[in-house]
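**Q** Produce the entire structure from the sequences given, and follow the hints as far as they go.
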Amino acid sequence: MHFETRAVHTGVNKDTAYNSCITPIYPSSTFYWDDLNTNKGFDYTRSGNPTRQAMEENIASLEGGIDCKATCTGMAAITAAMHLFQPGDHIIAGNDIYGGTYRLFADVLTGMGLKFSFVRMGNPDNVRNALTPQTKAIWIETPSNPLLNLVEIAAVTEIAKHHGCITIADNTFLSPYLQRPFEHGVDIIIHSTTKYLNGHSDVVGGCVVTRDEEYKERVAYLVNALGLACSPFDAWLVLRGVKTLGPRMEAHQRGAMALAHMLDEHPAVERVYYPGLESHPDHELAKRQQSGFGAMLSFDVAGGRSAAERVFEKVTLFALAESLGGVESLIEYPDTMSHASMSEAARLEAGITEKTIRVSVGIEHPDDLIADMRRGLDS
1 MHFETRAVHT GVNKDTAYNS CITPIYPSST FYWDDLNTNK GFDYTRSGNP TRQAMEENIA
61 SLEGGIDCKA TCTGMAAITA AMHLFQPGDH IIAGNDIYGG TYRLFADVLT GMGLKFSFVR
121 MGNPDNVRNA LTPQTKAIWI ETPSNPLLNL VEIAAVTEIA KHHGCITIAD NTFLSPYLQR
181 PFEHGVDIII HSTTKYLNGH SDVVGGCVVT RDEEYKERVA YLVNALGLAC SPFDAWLVLR
241 GVKTLGPRME AHQRGAMALA HMLDEHPAVE RVYYPGLESH PDHELAKRQQ SGFGAMLSFD
301 VAGGRSAAER VFEKVTLFAL AESLGGVESL IEYPDTMSHA SMSEAARLEA GITEKTIRVS
361 VGIEHPDDLI ADMRRGLDS
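Residue numbers for the sequence shown, in my numbering: 1 to 379.
I should point out that these hints are in silico values taken from the structure, not numbers from a laboratory. Careful: at least some of the hints might be erroneous.
To be verified - Here are the computed lysine-lysine pairs in the DSS-like style, where the Cα-Cα straight-line distance is at most 25 Å:
no.: 1; residue 1: 14; residue 2: 243
no.: 2; residue 1: 136; residue 2: 115
no.: 3; residue 1: 14; residue 2: 216
no.: 4; residue 1: 355; residue 2: 314
no.: 5; residue 1: 314; residue 2: 287
no.: 6; residue 1: 40; residue 2: 14
no.: 7; residue 1: 216; residue 2: 40
Said to hold, decoys possible - For each label pair, taking beta carbons as the anchor points, the in silico distance ranges come out as:
no.: 8; residue 1: 202; residue 2: 367; range: 18 to 28 Å
no.: 9; residue 1: 375; residue 2: 103; range: 28 to 38 Å
no.: 10; residue 1: 270; residue 2: 327; range: 39 to 49 Å
Ideal Cβ placement from N, Cα and C applies to all residues, glycine included.
**A** Written out as structure tokens, the structure reads:
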């Protein structure tokens, strides 16, 4: 079946009692056994739940994996994946990744014995040069948050295979509708289901998708042992939201492309970060490894922080808020919001400055979004 059809129908037909067209919510914390050796497949909701399993089946199908384990937050999904490694293991990541991921790696997990190198991953040679005998994984975030730099996934996975380490890709920015990392050799995929998979800014969650039995079993064990699983109601919300992922992403992209072109021509904007623009250095790579350009973009506003503040004050359709991927448009300031957990030096090294504004383009009409943003920039 095509993507949009699987998004609607996978994980749905679970109610044999009343033939509900919608997957039921099973809020039960525990499930009774028929006898000491037999149950209906579930015993305790931390370990497994019918509603959560239905959502996991859906996302695994969309990503082309064999299994998915849903977590209570996107950071919980990353935490689960990082517990695949032992003290002394070395992991390579981009230097321009999401601030929360950077904080977990640089400030928390280093204190537990893991070692990290943060490199400009757009150049595969930087990845190759960062390898050590202790390197066990390469963390891929493409497009990067917030500067929309791309990583050539196939090139990095080839390096990883040659070195005997695994690759983990955060696919949150594009969703499986626009990018399928498994098809480029990635071993494990991470999502913040809070974002495009749910799409309505009313749930916080994450997931880890695997494509082989070894990691399937280990990730399932870790999510259960660490107590990271998401609630049945949150799983139901994501399963509801993912049904419209395809048409939503088309609407998101339509607005993002139109807004990017306007920003690219506006005199108050110094630079636009959007792979859909032909001027973007990774435009051709995006055409090769993605099915579209997505709905996230950033730009540098002339005048720095004071100019950015005027934009935030004047726009009305773009809510000043963190997060992304909802049907409504959001605008934020990485320097003090999404990437505040990075040191100033790390932000500058990544290219994030006081000029940088990040935008999550919603599904509103592009003309309205352009008029609203233009009003902010004209101020």
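**Q** Please go over all the hints and tell whether each is borne out by the structure.
**A** Hint-by-hint comparison with the structure:
A distance of roughly 16 Å separates the Cα atoms of residue 14 and residue 243; the hinted pair therefore holds under the 25 Å criterion. About 10 Å separates the Cα atoms of residue 136 and residue 115, which keeps this hinted pair within 25 Å; it holds. Between residue 14 and residue 216 the alpha-carbon distance is near 23 Å, which keeps this suggested pair within the 25 Å criterion. Proposed proximity of residue 355 and residue 314 is supported: the alpha carbons are some 17 Å apart, at most 25 Å.
For the hint linking residue 314 to residue 287, the alpha-carbon distance of about 34 Å lies beyond 25 Å, and the restraint is violated. Of the supplied pair hints, the one linking residue 40 and residue 14 holds, its CA atoms being roughly 13 Å apart against a limit of 25 Å. For the hint pairing residue 216 with residue 40, the CA-to-CA distance comes to about 21 Å; that is within 25 Å, so the pair holds. Restraint check, residue 202 to residue 367: a C-beta distance of roughly 27 Å satisfies the suggested window 18 to 28 Å.
Evaluation of the 28 to 38 Å hint for residue 375 and residue 103 yields a pass: the beta carbon distance comes to about 35 Å. Remark: the range hint 39 to 49 Å for residue 270 to residue 327 is contradicted by a beta-carbon distance near 29 Å.
Consistency note: the structure conflicts with the earlier hints numbered 5, 10.
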